[in-house]
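Given the coordinates of chain A, assemble chain B onto it according to the supplied hints.
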Amino acid sequence: MATTSDLSFSDVSPMLIEQAEEYLVSFLQEQFPSRDFSVGRVTRELVVNMAAIMHAINREDIDRLLKSFSPLVIAADPTAADPDIVDAVYANYGVERYDGNVATGSLAIIISDLITTSVPDTTIFTANGLTYGISQTYIGVTSADAVVSAAERLIEERPDGTYVFTVPVTASAVGEAYRATRGTRFTASPAIPGSIDIEAAADFEGGTDSETNAELVERVQQGIAPRVFSGRAQVASLFQEQYPQLVNMSQVGLGDPEMLRDRDNIFQMSTGGKADLYVQTADTPEEVVVVKECTYLGSQEWQTTIGRDDAPGFYLVRAVVQHNQTAFEGSLEVLDETRGLDLTLETDWVHAVDGLVQGAYSRYQTAVVKFKDPQTPLTVVVGDKEDYDVYVLRLPGVKTLHDLTIDRSRRPQTGDYLVRAAVPALAYVSLEIRYRSGTTAPDVDAVKQAIASRINALGFKIGRLPMALIVDAAQGALETGGTYTFTPLNLYAEIYPPDTAPDGKITVIDVNELVVPYLPERGVTQRTTVFYLPMSAINVIVKPMATLAI
Amino acid sequence: MSPSIDYTGRTVDVLIFQGVVASGKQPIETGFGEAGYVCTGIQKVAQTWLALFMTDRGSVLNKPTRGSSFFPAIRRGRIQVENDVPAEFSLAAEHVRQTMELDASQADPALPDDERLDSAVLLEFNLFRELAYLQLKIQIKSLAGDERVVYLPVPTAIR
Chain A
142 MATTSDLSFS DVSPMLIEQA EEYLVSFLQE QFPSRDFSVG RVTRELVVNM
192 AAIMHAINRE DIDRLLKSFS PLVIAADPTA ADPDIVDAVY ANYGVERYDG
242 NVATGSLAII ISDLITTSVP DTTIFTANGL TYGISQTYIG VTSADAVVSA
292 AERLIEERPD GTYVFTVPVT ASAVGEAYRA TRGTRFTASP AIPGSIDIEA
342 AADFEGGTDS ETNAELVERV QQGIAPRVFS GRAQVASLFQ EQYPQLVNMS
392 QVGLGDPEML RDRDNIFQMS TGGKADLYVQ TADTPEEVVV VKECTYLGSQ
442 EWQTTIGRDD APGFYLVRAV VQHNQTAFEG SLEVLDETRG LDLTLETDWV
492 HAVDGLVQGA YSRYQTAVVK FKDPQTPLTV VVGDKEDYDV YVLRLPGVKT
542 LHDLTIDRSR RPQTGDYLVR AAVPALAYVS LEIRYRSGTT APDVDAVKQA
592 IASRINALGF KIGRLPMALI VDAAQGALET GGTYTFTPLN LYAEIYPPDT
642 APDGKITVID VNELVVPYLP ERGVTQRTTV FYLPMSAINV IVKPMATLAI
Chain B
354 MSPSIDYTGR TVDVLIFQGV VASGKQPIET GFGEAGYVCT GIQKVAQTWL
404 ALFMTDRGSV LNKPTRGSSF FPAIRRGRIQ VENDVPAEFS LAAEHVRQTM
454 ELDASQADPA LPDDERLDSA VLLEFNLFRE LAYLQLKIQI KSLAGDERVV
504 YLPVPTAIR
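One line per chain: the protein sequences are A and B, in this order.
FYI, in our numbering the residues of the first sequence are 142 to 691.
FYI, in our numbering the residues of the second sequence are 354 to 512.
So here's chain B without its partners, still in its complex pose:
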């Protein structure tokens, strides 16, 4: 874990996950927020990763390689048993990692290390068949060593 970072002078991105707190569990919602919140550092990495992970690959106009295959995999029934979850996650996360790496290599000016992805690891998952949702616990880590854990609930029809 890196020490506290001085974010003065950093560029900021629009925050689309509202309700984020510095520590502890907190329910969050997607949206631009009434006050127009912004973020930087590891939060930027986390939301970039999540936005890509939750975007269906091929659904972005003229950018067919952006997004991931995880949600399409669920909708198309490729996840039927617990063992399918890590396999599909790995496939999707690897694609997101490659995309973010390519984006970072083309960024001008170069991105600071705490805004670049190092890894996204599936720490744990729970499949709630009766409630029809899948919960993913994902650790996102920047090249600078910052980490954040995200709980991602995914609606699913797996029975």
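Isolated chain A, as found in the complex:
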């Protein structure tokens, strides 16, 4: 048993020390009436005051223990519990906190001239107030022959006459906030000679937050349920164990209007035995690059297929660019995207899925993408193959969870459980923050983080994106001395129903609240749909406000 405290003076509030001092004086004065405990006396300042500090630290330690010593008290107020003690308590039940991980990604260093450029390993890259580092010195080199290890990065020419090379970077800390999206602008310190811009070459991967006490408590409570395909609590427990980063899930089944798969009979009556498991496996979807072999169709048109293994359960094809074109701007024109399903057997059994409305955003989804490349050389003939980079928006982990449902040893004998990524409602928010002229301007990045964190945690809970929650989150990140969020806000979201993905999107706009429409026959209701609000989709305008002197 440790006999020392890991508290420091700064962990103990001055008020607590003052209270401890008054308590000790009162207590000691009663015991030793002849002692002078007045303020300023040596007894008070050198003896009692020191004892009060230690008393306060002990008190704080005991309070922490009292708030954290059992699952019951932790569950009563998870925010007050000490994370280290919570970890120790739950270790007794074989449960460990999910520590989160750091985001990694690739930065495009855009330079004006084709010259060898060094990026020292001491370089710190910053975006949105967050810092990233590199593990070694990288050198941008001008010819492929000079690339002899991972440290040499080939400089390529961009269409606009500038040059670019990439370096891999790692976030300085764990957390979702570090997951930069493609195109995010970075700065470097020290500056990289000759660089004119630095931006994320693709969406960063990883970058998950450590599990909070509240999340751990919720997981433990789910963990009490057997981890099997059975009732909702049991399935949630199973999925949480299999994929700890799971943020939210919603299960529709017998009797739910959203359950269409169990009505595939001539009477269109629910027969049970099927469930759709909608999952949100990350705060927001991420963009991944899929290198696809494309076939030339003629007239500068190309075609490829996003297979079911390329980005299982993907949401959108965001862009198509020539292979290895780093930090591109825009995309080649996508002429057509047709979704389909690939129900080829993987094990001894496959889910019963009829049409996109039942199978979109599942692991079975595919897409045929047709696009136009105006720079297609004249020498290319119909049927020729060429690699292109396809940028796809998707949630991670869909296949991991899907595999549970087809594994003969784990899947239920009597049921058909289909995993689907939550129907996406991609939200955009614009707000104005006003602060008193002459005071410090608010930290826009902190506001964005607070809002994104609040909204992306909503999951399937309310099916709404209320202005009040955004304002509340923003205010929490602002100083209280008169800085405020000006209302109403501009709220906007695009919902992509499964039956018409990706073209038939539903747009919702409002100043007070966005609401998921109730369209169960199209697979869109609160039970299936999640609002995603990445930081990059939050526009914060900061305006100083003139005030009169008082």
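No lab work stands behind these hints, which were simulated from the structure alone.
There may be inaccurate statements among the hints.
As the list claims (entries may be wrong) - Calculated from the model, a selection of chain B residues having no Cβ within reach of chain A, i.e. all distances over 10 Å:
hint: 1; residue: Asp366
hint: 2; residue: Val373
hint: 3; residue: Ile381
hint: 4; residue: Ala426
Said to hold, decoys possible - Simulated DEER-style distance windows between Cβ atoms:
hint: 5; chain 1: B; residue 1: Arg450; chain 2: A; residue 2: Ser146; range: 57 to 65 Å
hint: 6; chain 1: B; residue 1: Pro508; chain 2: A; residue 2: Ala690; range: 45 to 53 Å
hint: 7; chain 1: A; residue 1: Ser146; chain 2: B; residue 2: Phe385; range: 42 to 50 Å
hint: 8; chain 1: B; residue 1: Asp466; chain 2: A; residue 2: Thr580; range: 48 to 56 Å
hint: 9; chain 1: A; residue 1: Ser146; chain 2: B; residue 2: Val434; range: 43 to 51 Å
hint: 10; chain 1: B; residue 1: Arg429; chain 2: A; residue 2: Gly302; range: 56 to 64 Å
hint: 11; chain 1: B; residue 1: Pro508; chain 2: A; residue 2: Glu620; range: 44 to 52 Å
hint: 12; chain 1: B; residue 1: Met407; chain 2: A; residue 2: Ala582; range: 41 to 49 Å
hint: 13; chain 1: A; residue 1: Tyr164; chain 2: B; residue 2: Phe385; range: 21 to 29 Å
hint: 14; chain 1: A; residue 1: Ser146; chain 2: B; residue 2: Pro508; range: 31 to 39 Å
Ideal Cβ positions, reconstructed from N, Cα and C, are used throughout, including at glycine.
Just chain B now, with coordinates in the frame of chain A:
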């Protein structure tokens, strides 16, 4: 000078200046003492004043106004010539006086007059440059009129 005082029933403070005698010059040391000596009356005033005077202002946890600026002034080189000594002393002593006055006003029960500071006056000082120390001769007087003179040696790097 007040007549002799009956200290019966007075509250006492821990004595941190060991070796004090009733009269005459006597070297003293700081410490709690093996026997746990206590003091009252003017001695309490003197040691309270000295403790505050020798404490760097801002160094006490959660009590940023306690202490004085005299020792920090020496360390930061604000005392370079003899004329600087009385100026820095006055500044520091005034702050100590205000602190003790505030403490006394909040004391419950009220402090007797011979345990309250009236004044602390720098009677004399000597700067021994070669020996790197400054000697202060300070007269501490209570509201009741008791006086004590304290010689305070202060290590210094003034050359």
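Structure-based check of each hint:
{"no.": "1", "hint": "Asp366", "in the structure": "violated, 5 Å"}
{"no.": "2", "hint": "Val373", "in the structure": "holds, 13 Å"}
{"no.": "3", "hint": "Ile381", "in the structure": "holds, 14 Å"}
{"no.": "4", "hint": "Ala426", "in the structure": "holds, 22 Å"}
{"no.": "5", "hint": "B/Arg450 <-> A/Ser146: 57 to 65 Å", "in the structure": "violated, 38 Å"}
{"no.": "6", "hint": "B/Pro508 <-> A/Ala690: 45 to 53 Å", "in the structure": "holds, 50 Å"}
{"no.": "7", "hint": "A/Ser146 <-> B/Phe385: 42 to 50 Å", "in the structure": "violated, 26 Å"}
{"no.": "8", "hint": "B/Asp466 <-> A/Thr580: 48 to 56 Å", "in the structure": "holds, 50 Å"}
{"no.": "9", "hint": "A/Ser146 <-> B/Val434: 43 to 51 Å", "in the structure": "holds, 49 Å"}
{"no.": "10", "hint": "B/Arg429 <-> A/Gly302: 56 to 64 Å", "in the structure": "holds, 59 Å"}
{"no.": "11", "hint": "B/Pro508 <-> A/Glu620: 44 to 52 Å", "in the structure": "holds, 46 Å"}
{"no.": "12", "hint": "B/Met407 <-> A/Ala582: 41 to 49 Å", "in the structure": "holds, 45 Å"}
{"no.": "13", "hint": "A/Tyr164 <-> B/Phe385: 21 to 29 Å", "in the structure": "holds, 23 Å"}
{"no.": "14", "hint": "A/Ser146 <-> B/Pro508: 31 to 39 Å", "in the structure": "holds, 36 Å"}
Violated hints, in rising order: 1, 5 and 7; the structure is consistent with all others.
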